[in-house]
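Those protein sequence lines, which keep their order, are chains A and B.
Going by the working numbering, the letters in the first sequence line up with residues 1 to 226, in that order.
Going by the working numbering, the letters in the second sequence line up with residues 1001 to 1226, in that order.
Please note that a few of the clues may not be correct.
In silico lysine-lysine, PhoX-like type, Cα no more than 25 Å apart, as pairs [said to hold, decoys possible]:
# : chain 1 : residue 1 : chain 2 : residue 2
1 : A       : K63       : B       : K1063
2 : B       : K1160     : B       : K1060
3 : B       : K1060     : A       : K63
Label pairs and their computed distance ranges (CB to CB) [unchecked claim]:
# : chain 1 : residue 1 : chain 2 : residue 2 : range
4 : A       : S57       : B       : E1045     : 30 to 40 Å
5 : A       : S2        : B       : R1156     : 37 to 47 Å
6 : B       : Q1223     : A       : L53       : 46 to 56 Å
7 : A       : G154      : B       : E1045     : 34 to 44 Å
Bear in mind the hints are in silico, worked out from the structure with no lab data behind them.
Ideal Cβ positions, reconstructed from N, Cα and C, are used throughout, including at glycine.
2 protein chains.
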Amino acid sequence: MSKKAVVLVSGGLDSTTVLAMAISQGYDCYTLSFDYGQRHRSELEAASRVSQLMNVSQHKVVKLDLGTIGGSALTDVSIDIPEHETVGIPVTYVPARNTVFLSIALGWAEVLSADTIFLGVNAVDYSGYPDCRPEYIASFEAMGNLATRAAVEGNRLSIKAPLIDLTKGQIIKEGLALGVDYSDTVSCYQASIQGLACAKCDSCRLRIQGFIEAGIKDPTRYQNNA
Amino acid sequence: MSKKAVVLVSGGLDSTTVLAMAISQGYDCYTLSFDYGQRHRSELEAASRVSQLMNVSQHKVVKLDLGTIGGSALTDVSIDIPEHETVGIPVTYVPARNTVFLSIALGWAEVLSADTIFLGVNAVDYSGYPDCRPEYIASFEAMGNLATRAAVEGNRLSIKAPLIDLTKGQIIKEGLALGVDYSDTVSCYQASIQGLACAKCDSCRLRIQGFIEAGIKDPTRYQNNA
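Only chain A is shown next, with the shape it has when bound in the complex (with noise of 0.2 Å):
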């Protein structure tokens, strides 16, 4: 029987490309998505649809309201998502999200019996956001073996961050290399109710530029043609 792996998956390219990579690895694949009150709501759909596509064991939306406490452009619609590349922490950070989402990741692995989480997190290019560097994913890994029962019964928990340190050209060639459609993913901070992005936000444009890097034809539905 293979190893269950918990994998976080937004819908986006890089989820889907470490999905596709803990598949090729031989695990058996549960993934979760965040329903945390984000504005671009079609990613929600893209991730059911590439756990579909990829035949997942099993794909879980967790409800979270992270708009309640606020804090970051993508769940306060007062905030504008910056159009421009911004210096230090950008305003779409959300507070923490990571260690949530992660901790209730590492919950449902606890009930599955799952020893390994998977999560898309790159170093290179989101330097500003501090829940993204492997010091801090190394200390979570170290704080979930002393948290659940799984741990206290000798289960060492796992998290795996293989994007960490690949830009976003190498993320694209890796997932091209296992067959990954991108068409099918979502990057967009502000993509519309049908899943067309605006080619402005920042995940736009490091996605954009990622494609240029990997010298492919980008395949992503942008709005008006943009």
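The hints should help you fit chain B onto chain A, whose structure is shown.
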């Protein structure tokens, strides 16, 4: 200006005592509760009542559907609440619950620029819950100090669990010395909608023993004069 703290409150005896302690230490308190699909929903009303009576700056309730991942008698009505002492980690354990709650508190602390989070875990009574141990709390604090923008900018986060080594009787004496009225609190895992306790579940049994140990008349409102 006093220092801000986020205080996790469940409306129960322990967290209400912690809130009184945080206030007595001069913190400007922001209380946080979770609507996580728990059966004992009257605790949310108690959390709100206690927050109001103790004049906190703000009380937030974050909705979070932990029932989606399952695995606990507290969120799954198909698992019975045990009415006798059990061996090992009880079925009322909610996978990764404290980790999830602390993670969201971490996010709110960042939004508020609060550098302290208080929670009412207790290693003596709940020795079966892995996420109530001092080494777990220390490890979460270390992780939290790598996770946020505030931490990156040098504001050290502190997680305080002042009840961790106290017995239930000691907690009650501490709270009474600070003027807590325990008739306002609800600890029961299966309290009635009016907040009446069952007197039978783990949480009720520990609380009853606590009042006996403290030598104090138990002000809890029980069902059918239980």
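Hint by hint, here is what the structure shows:
no. : hint                           : verdict
1   : A:K63 <-> B:K1063              : holds (8 Å)
2   : B:K1160 <-> B:K1060            : holds (19 Å)
3   : B:K1060 <-> A:K63              : holds (17 Å)
4   : A:S57 <-> B:E1045: 30 to 40 Å  : holds (39 Å)
5   : A:S2 <-> B:R1156: 37 to 47 Å   : holds (42 Å)
6   : B:Q1223 <-> A:L53: 46 to 56 Å  : holds (52 Å)
7   : A:G154 <-> B:E1045: 34 to 44 Å : holds (40 Å)
Every hint from the earlier list agrees with this structure, and none is contradicted.
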